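Asks: Quick note, the sequences are listed as chains A and B, same order. Read in our numbering, the first sequence has 103 at position 103, and its numbers run on one by one without any break. Read in our numbering, the second sequence has 387 at position 387, and its numbers run on one by one without any break.
If you're looking for bench data, these hints aren't it; they were derived computationally from the structure. Don't take each hint at face value.
[What the hints assert, rightly or not] With a straight-line cut-off of 25 angstroms between C-alpha atoms, the simulated SDA-like cross-links for lysine to any residue are: (1) A:140 to B:49; (2) B:294 to A:24; (3) B:312 to A:13; (4) A:151 to B:167; (5) B:346 to A:159; (6) B:290 to B:28; (7) A:151 to B:28; (8) B:290 to A:55; (9) B:167 to B:190; (10) B:390 to B:334.
[As the list claims (entries may be wrong)] Ranges of calculated distance between the beta carbons of each label pair, as one might list FRET restraints: (11) A:25 to B:16: 48 to 54 angstroms; (12) B:82 to A:131: 58 to 64 angstroms; (13) A:97 to B:383: 54 to 60 angstroms; (14) A:90 to B:31: 46 to 52 angstroms.
Every value quoted in this text rests on a predicted model; they were computed, and no experiment measured them. Beta carbons are placed, not taken as given, at the ideal position from N, Cα and C, and that holds for glycine.
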Amino acid sequence: MNELLNLLEHDARRPVSELAAILRRSEYEVEKDIHALEKDGIVLGYNTVIDWNKAGRNTVTAVIEVNLTPQRDVGFDAIADRVSRFDEVRSVDLMSGGFDLLVTVEGESLQEIADFIARRLATIEGVVSTRSHFLLKPYKKDGLIVGNKEKDRRLVVSP
Amino acid sequence: MSGMSWDERLSPTVKMIAPSGIRKFFDIAAEMDDVISLGVGEPDFVTPWTIRESCVYGLEQGYTSYTANRGMAELRDEIARMHDERYGIKYDAKTEALVTVGVSEALDLALRSIIAPGDEVLIPEPCYVSYSACTVLAGGVAVPVPSRIENEFRVTPDDLAARLTEKTKALLIGYPNNPTGAVMTKDDLLAIARFAEEHDLIVISDEIYGDLTYGGEEHVCFAALPRMKERTILLNGFSKAYAMTGWRIGYALGSPEVIAAMTKIHQYAILCAPVTAQVAAIEALRRGDKYMRKMVAEYDRRRSFIYDGLTKIGLKCFEPKGAFYIFPDITSTGLTSNEFAEGLLKSEHVALVPGSAFGECGEGYVRCSYATSLDEIDEAIKRIGNFVKKHSK
Numbered sequence: 001m002n003e004l005l006n007l008l009e010h011d012a013r014r015p016v017s018e019l020a021a022i023l024r025r026s027e028y029e030v031e032k033d034i035h036a037l038e039k040d041g042i043v044l045g046y047n048t049v050i051d052w053n054k055a056g057r058n059t060v061t062a063v064i065e066v067n068l069t070p071q072r073d074v075g076f077d078a079i080a081d082r083v084s085r086f087d088e089v090r091s092v093d094l095m096s097g098g099f100d101l102l103v104t105v106e107g108e109s110l111q112e113i114a115d116f117i118a119r120r121l122a123t124i125e126g127v128v129s130t131r132s133h134f135l136l137k138p139y140k141k142d143g144l145i146v147g148n149k150e151k152d153r154r155l156v157v158s159p
Numbered sequence: 001m002s003g004m005s006w007d008e009r010l011s012p013t014v015k016m017i018a019p020s021g022i023r024k025f026f027d028i029a030a031e032m033d034d035v036i037s038l039g040v041g042e043p044d045f046v047t048p049w050t051i052r053e054s055c056v057y058g059l060e061q062g063y064t065s066y067t068a069n070r071g072m073a074e075l076r077d078e079i080a081r082m083h084d085e086r087y088g089i090k091y092d093a094k095t096e097a098l099v100t101v102g103v104s105e106a107l108d109l110a111l112r113s114i115i116a117p118g119d120e121v122l123i124p125e126p127c128y129v130s131y132s133a134c135t136v137l138a139g140g141v142a143v144p145v146p147s148r149i150e151n152e153f154r155v156t157p158d159d160l161a162a163r164l165t166e167k168t169k170a171l172l173i174g175y176p177n178n179p180t181g182a183v184m185t186k187d188d189l190l191a192i193a194r195f196a197e198e199h200d201l202i203v204i205s206d207e208i209y210g211d212l213t214y215g216g217e218e219h220v221c222f223a224a225l226p227r228m229k230e231r232t233i234l235l236n237g238f239s240k241a242y243a244m245t246g247w248r249i250g251y252a253l254g255s256p257e258v259i260a261a262m263t264k265i266h267q268y269a270i271l272c273a274p275v276t277a278q279v280a281a282i283e284a285l286r287r288g289d290k291y292m293r294k295m296v297a298e299y300d301r302r303r304s305f306i307y308d309g310l311t312k313i314g315l316k317c318f319e320p321k322g323a324f325y326i327f328p329d330i331t332s333t334g335l336t337s338n339e340f341a342e343g344l345l346k347s348e349h350v351a352l353v354p355g356s357a358f359g360e361c362g363e364g365y366v367r368c369s370y371a372t373s374l375d376e377i378d379e380a381i382k383r384i385g386n387f388v389k390k391h392s393k
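Using the sequences plus the hints, can you model the full thing?
Replies: Structure, rendered in structure tokens:
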């Protein structure tokens with residue numbers, strides 16, 4: 001199962017026939033495994049890593065350090081869950097160190113994100129303070145270098 | 001123009017050696033812009049960044065001078081440590097190790113250090129293209145020992161015995177094998193070891209693909225077998241495991257006497273391996289393993305995929321256990337391996353290497369390298385499938 005996950009993690013678009021050949025199993029078995037992984041919530045979904053700047057769309061992304069007051073019984077979970085449900089929010093992580101949650105927010109403009117923080121995020125009960133940092137330029141996303149790939153410089157035929 | 005004729009002045013030994021059979025395919029392929037190449041004998045990965053970065057840092061620190069003839073002490077220490085940890089074999093880094101310009105140089109030095117004119121060297125084939133040429137250049141006689149697909153391209157004492165003469169001095173083996181992808185199990189090698197002992201042969205073991213084995217096959221280091229260290233010249237390097245072909249760093253391990261002899265040639269002919277590459281090689285041994293394992297896992301996936309694909313289009317293959325080559329039998333097409341390779345390149349724009357380039361017994365096979373992306377392998381298999389269909393009898 002882990003080898004299947006390794007394969008999907010780096011390229012979710014591999015055809016099932018290819019996965020089956022690599023894993024030495026039937027296509028039917030591989031389909032069944034993928035379905036089970038999705039059903040069990042091990043595979044959460046499939047995304048594409050896009051260089052939006054290159055595609056001509058200018059999105060704005062901010063990472064926000066959030067301080068919370070933990071709540072009885074549930075600690076940070078209830079607030080983290082509320083924050084996670086906003087569509088604008090791309091990721092939420094509980095952190096060690098000087099703040100509690102690291103929240104990544106994506107929007108069409110600076111104004112939109114500022115609005116989201118001021119009206120939605122900061123006003124949630126239990127949120128004590130926020131500190132926002134806007135991303136200026138991506139160099140690497142999800143393990144992939146943004147920009148030109150390294151060329152294959154090998155000779156066409158060699159011993 | 002003067003009438004000076006170089007041809008009659010060139011060394012007869014050099015003239016005797018045939019040029020590599022690969023050149024022709026290179027020239028044809030260079031004219032095409034949509035070639036998919038399964039003809040490349042090197043990793044498609046670029047050297048892991050940590051290794052490249054350490055070389056850049058080394059340059060900044062001023063590592064630009066000669067090193068000791070035998071190579072940097074730190075590098076020889078790391079090489080000795082790795083062999084101890086991995087194979088439980090102890091080499092003295094001071095006297096039993098020599099860093100060379102790739103395994104190619106180590107092979108040349110090993111042969112030149114041991115061969116007296118007319119000495120014979122047993123060379124199981126198919127094998128890497130340099131083995132017999134270097135033997136001849138060293139004044140020896142290359143004696144090919146054919147290995148067969150029925151035996152998964154392994155070599156046996158019986159095969160060797162059939163070619164043994166009083167002049168046989170050494171045995172030159174390269175497993176995991178280029179071009180077949182064959183490996184030798186511990187039992188296979190123990191049998192070879194007994195044979196070497198019985199006939200008092202030197203064994204040169206080229207283990208450049210030693211880190212690239214699959215499907216639970218663990219590489220067995222020949223020198224680590226009982227009593228074999230003293231009669232083995234072990235050759236290895238960084239090119240394949242760490243994707244460092246262009247750096248040209250290899251090494252030889254062996255008894256102090258033979259390493260001293262090899263060092264003598266090395267110090268006059270080469271002086272030392274490039275310092276920049278030695279600095280990088282140290283980093284490869286200290287911190288490169290995790291990147292190497294990732295690359296090996298990727299080759300393994302491609303190995304399964306290409307074996308499945310070639311088998312499905314009707315080519316009989318031996319399932320390779322090491323290196324990154326697969327060696328399908330193409331006799332069902334009625335073509336020679338040269339005709340197959342040339343026809344495939346011209347009509348389907350897929351480059352590979354005819355088996356005959358690796359020895360006479362490679363005729364009837366072609367070498368496909370799977371050191372290329374799965375997408376390219378997929379497309380290549382489709383094109384080879386078209387070609388095979390057109391030519392199947």
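Asks: Each of the hints needs a verdict: does it hold here or not?
Replies: Now for the hints, and whether the structure bears them out:
{"no.": "1", "hint": "A:140 to B:49", "result": "14 angstroms, holds"}
{"no.": "2", "hint": "B:294 to A:24", "result": "19 angstroms, holds"}
{"no.": "3", "hint": "B:312 to A:13", "result": "22 angstroms, holds"}
{"no.": "4", "hint": "A:151 to B:167", "result": "49 angstroms, violated"}
{"no.": "5", "hint": "B:346 to A:159", "result": "20 angstroms, holds"}
{"no.": "6", "hint": "B:290 to B:28", "result": "38 angstroms, violated"}
{"no.": "7", "hint": "A:151 to B:28", "result": "21 angstroms, holds"}
{"no.": "8", "hint": "B:290 to A:55", "result": "35 angstroms, violated"}
{"no.": "9", "hint": "B:167 to B:190", "result": "23 angstroms, holds"}
{"no.": "10", "hint": "B:390 to B:334", "result": "11 angstroms, holds"}
{"no.": "11", "hint": "A:25 to B:16: 48 to 54 angstroms", "result": "52 angstroms, holds"}
{"no.": "12", "hint": "B:82 to A:131: 58 to 64 angstroms", "result": "48 angstroms, violated"}
{"no.": "13", "hint": "A:97 to B:383: 54 to 60 angstroms", "result": "55 angstroms, holds"}
{"no.": "14", "hint": "A:90 to B:31: 46 to 52 angstroms", "result": "48 angstroms, holds"}
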